[in-house]
Amino acid sequence: MKRAADGDSRTGTFRSLCRLMRLRTSAGAPLLAIAGWWILSGRSIDSHVQLIVYSAVAAFSFITFAQVYNDIKDVTLDATSKPGRPLPSGAVSMRSAWFLAAALAAASLGASFVLGFDAFILCGCCILAGAAYSLWLKGTVLLGNIVVALVSSCPFVLVAAAVHRVTPLLLLGQLLILCIVLGNEFYKTAADADADSGHGLRTMATVCRPRTTALAIALCWVGLTATFAACAFFGAKVFAAVGVAMVLVPAGRAAIASLGAADSADSIARAGHRLWRWAWALGLPTLVLLR
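Position 202 of the sequence shown, counted from 1, bears residue number 671 in our numbering, the numbering being contiguous throughout.
Just so you know, these hints were derived from the structure itself, not from any lab. A couple of the hints might just be wrong.
Distance condition first, Cα-Cα at most 16 Å in a straight line; then the derived EDC-like pairs of lysine to aspartate or glutamate [as the list claims (entries may be wrong)]:
1. K551 with D663
2. K657 with D515
3. K657 with D735
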C-alpha cells in the first residue's frame with residue numbers, strides 16, 4: 470500500500486510539473502526548430518541530426534523557462550484567479566519551481582553553446598526577454614504581447630543562427646508564426662481581462678475598448694494573409710495554397726466572430742479563441758511545405 474501511495478505521489482508530482490511547464494504549448498518549440506532545419510537544409514538534413522537535437526533542446530528549454538518563470542512571478546495573482554495552478558495549489562513548491570527554471574535556462578544555454586556563438590546569443594536573449602516579460606512587460610499595452618510573439622517565433626530561425634544562413638522564406642515563416650502567436654496573445658488578454666483588471670495590470674483588454682482588441686486580432690489575420698501572399702511570390706505556392714485552407718480560413722472565421730462579439734473582452738475570447746487555436750494547430754504541420 471505504501472509503495473502504491475508513493476507511486477501515486479510521484480505520478481501526481483510529475484503531472485503537476487508538466488502543467489507548470491505547460492507542455493501542450495512548449496511542445497511546439499522543438500517542432501518549430503526541426504521545421505526550420507528542414508526548410509533550410511533540405512535533403513542534407515540527415516547530416517545535421519545532432520545539431521537538430523541540440524536546437525530542439527535549446528528551443529524547448531528557453532520557451533519552457535519563460536512559462537515556469539511566469540508562473541513563479543504570478544503566484545500571488547494566480548492564487549485568486551487560478552488557484553488550481555501547480556504553485557498556488559501547493560502541488561509544486563516554489564523551491565522546486567526555481568530549481569526547474571534555473572535548470573531549463575542552463576539547458577538552453579548549454580545546448581545552444583554547442584550550436585555556436587550566434588545561437589548562444591539568440592537563446593540568451595530569448596531567456597532574458599522571457600524574464601523581462603514576467604518582471605516588467607506583462608502589464609504593458611501591446612509591448613509585452615509583441616515580445617511573447619517574437620520569442621515564440623525564434624525556435625523556427627534558430628537554424629539560421631547555427632549555420633549562419635538565412636532565406637526570405639525562413640523569415641516569412643517566422644513572420645507567420647509571429648502573427649498567429651500575437652493574435653493568440655490578444656485572445657488570452659481578452660480572456661484574462663477581469664482578473665488582470667482586478668490586479669491593476671494594464672493590457673490591451675483592460676485599457677482599450679473590446680472592439681480595439683477585436684480589430685487587433687483582425688489585423689493579425691491581415692498580416693497572415695499578406696505573408697502567405699509573399700510566400701507565393703517567393704515560390705512557395707503549394708505552401709501558400711495549403712496555408713489558405715488550413716490557417717487563413719479558421720483564423721478568418723475567428724476574427725469575424727470576434728468582431729461580431731465585441732460587446733466585452735470575455736465575449737471576444739469565447740467567440741473566436743478556439744478557432745484561432747485550431748488555425749495554429751493546423752498551420753504547424755504545413756510549415757514543412759515552406760520550401
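Problem - Holds or violated: K551 to D663, with C-alpha atoms at most 16 Å apart - result: Within the cut-off at roughly 12 Å; holds.
Problem - Satisfaction of hint between D735 and K657, Cα-Cα up to 16 Å - result: holds (10 Å)
Problem - Pairwise hint evaluation, D515 against K657, where the allowed Cα distance is 16 Å at most - result: Judged against 16 Å, a Cα distance of about 39 Å means the pair is violated.
The structure is inconsistent with hint 2 alone, although it conforms to all the rest.
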